[in-house]
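Enquirer: Residue numbers (UniProt numbering), protein chains in the order written: chain A, 1 to 328; chain B, 1 to 119; chain C, 1 to 395.
Quick caveat, the hints were computed from the structure, so don't treat them as lab data.
Take the hints with a grain of salt, since some may be wrong.
[To be verified] Which stretches of chain C does chain A cover? Using the computed rule of at least three CB atoms under 8 Å from a CB of chain A, they are:
hint, stretch
1, 51-58
2, 64-77
3, 212-220
By construction, the Cβ of each residue, glycine as well, lies at the ideal position given by its N, Cα and C atoms.
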Amino acid sequence: MAFKLTELPKKELPISPGHRVCAGCPEPMIIKQAILASKEPVVVGEATGCFEVSSCIFPYTSWNVNWYHNAFENAAAIVSGMEAAYKALSKRGKITEPINFIAFGGDGGTYDIGFQALSGAMERGHRMLYICMDNQAYMNTGIQRSGATPLGAWTTTCHVGKVRPGNVRASLRKDIVAIMAAHDIAYAAQASLSHWNDFMRKVEKALSYDGPSFITVLAPCPRGWRFPASETVNIAKLAVETGFWPLYEVDNGQWNVTFKPRTLKPLEDFLKTQGRYAHLFKSDEGKEVIEHIKELVQYKLNYINHMAEATKGCEMNIFGRCALPDID
Amino acid sequence: MNKDIKRIEVPCEEKLVWERMPVGNVLVGGANSQCLKTGTWRVQHPTVNKEKCTNCMTCWLFCPDMSIVVEKKGDKYEMLGFDPVHCKGCGVCSKVCPVNAIEMVLGADFENTEKPFLR
Amino acid sequence: MARKSVALTGDYAVAEAMRQIDPDVVAVYPITPQTLIVEKFGEFVADGIVHTEFVPVESEHSALSACCGASAAGARTMTCTSSQGLALMHEILYIAAGNRHPIVMIDVNRALSAPINIHGDHSDTMGSRDAGWIHLYCFNGQEAYDSTIIATRIAENSSVYLPVLVGLDAFNISHNTERIELLDDQEVKDFVGEFNPPYSLLDLKYPVSVGAYFLPDYYMEARRNLQETIQNSKKVIVEIHEEYNKKFGRNVPAIMETYKIEDAEYAILAMSSITGVAMLAADELRAKGIKAGVIRLRLFRPFPAEELYEAISNLKGLAVVERADAYGASCGPLFSELSGACANKKKMPLMANYIIGLGGRDVKIKNMISVFEDIVDNVEKGEVKSLRQYVDVKG
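Could you put the whole structure together from the sequences, leaning on the hints where they help?
Expert: Right, here's the structure in full:
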């Protein structure tokens, strides 16, 4: 169901101005879109990170919804506790209204330090949505590399120096959506704040399932990726249009590409907008790395397309998950 | 639930003493950060050409600081301008507007801190 | 179900107490020797005897995190752990106290690695003593059962709202079967009552923000407030113990238990099950004409400085016997707490520190007798040669 932008202002905004994130920060945009997409009231659990630290500096808070921050690596664990409390109190008749639980975490709190808690919560089947605001590095502590930092990018712990050319790795980045899909959860998806209707529709769908769901959203960071603050949404759009950040979902095990650009723009259009990739354009080795990134982006796109092909029109197993046919 | 929950009202200028810290340092009552004037950060400010503007609400959706002022006129929403107390001058609104109705102008324009400004 | 006496291990007694309390959420991760609690409680959950939401998390860190989330959402929460688990959830211990979550945690006191050891000593809770939790140490399985119920009331008291840790020794208490007198189910339910949280994330009327970021301008005020709260909780702890004892005809000491201390000249100060051995040793010494006594400290946090000083001020010699040591420090944790609290007192006994029973090493009566004899010897000589000694070590 598409959201009508001109009717969205009817809802109360979940966050207020006066928070102290950088100008042009994508995190408040993501949080706004996600919570506006929920029909029922939302309770949020957030991991330590850029927006968490800047939105609630005692004694001021920018949150108009119930919000809980505990530590860096346990966003998924605290929300699973909240959800268990909700189930317990509902059973005793103390709570009657429906509430949606959303956990927000940065890529640090999701791919790396928070991975264990996330995997455990997804496996246990709590009814919660985990949204990763992926800015591809540990931005709050000063732009250090994380498991989500793509090949070739500059960060302060993989500098571009005399012997190392930025982030060196054997893959594009950790494929978190495939890992979450492997937990056999109802819904896992990749979205972008630039394609807000696609993202909000994914949030709505995720919240409708009685089980855990996961969405990772690209969050271009003006400070960490080195671009002017006004370009946040444009860069997120370019990431999608060049195939760097494909928009797809794994809906009950069925892979769907939710947005396919008619023609893929050349990847350089995306890379050259950011200072974190500037070094790749200045040398021959750099240009070689760009070719590697292109190859890996295509590799991932092919993987998603093959999975979409293989799971097209599949039958459902006993738990409503896509079941691939037997091979003799 | 605890029926004695009280709203913590902390006017922006008051200082809390240790004896009056709320239980668990919990802030009750919803957002109160509006008193922080993040508008003092900006070096450029947005202006909107209301003749081009179609009230599509795209700038309202994307503004990271919730600084697009909209008001209900009848059964539709109209974009009235920008919140000078909080707008950080990032310029995202000017880049996402589908009809290029918003332009960023150098200068912070601090004097106009009460009403939303329209140019 | 009326009151009855059953033969239960310490762990099972705690599980029975948890069953009668019927908390809203229990998030646990198994670790020897706490596993019996988890297993027994799991049986209750599977049979629908309790209404608890049982969350079998994937690590102790997530266990306490889930408890924090549940407690913030207004649910009565309990958990249990031991040594390495307590060490793993260390950072969340401070957070739970800072956020004032009234979580009750049963900790089966087990030694910390390395070297890895699954038997009893107090190094695990001593390593986390400054987090801001209330600490109660149990003498036997009966006291562990009583303490679990009392701890729930203490934690949820509206002038306290602090997490409480109940410690019982690994294997000596947790896996030893003894006669436990269980209360009636309804009696326990009436005693713990309903949980009235200080705030709730599920209360949509007033949005709450829990876990704000503090800059240097407010952090000290928050900490000062926590210190005041935990110090003032001692009063409440004593009151609740009195209420429990009166209602159920029990004799659970709130702060400490003393044995033959009225006219004693030499005493052993210890915690948990080893004090029983000290009491037997004191009897033997009394038979020889030495005025020996024993003090069993039960409330470790908040540290009851005045009450302890009153108990020891008329002694000639005090042996502080503990099941934990602080590596690199001049004395063990209990000794340093006591000495610090009595720093400026004029009248003090001669004190010495004895480390005993680490890693589950058996504590024998003859060990305690040797401790008494050593402190008597020190007093006769008028000086303490070695401030801290390890008792019963080969070599």
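Enquirer: Mind listing which of the numbered hints don't hold for this structure, in increasing order?
Expert: none
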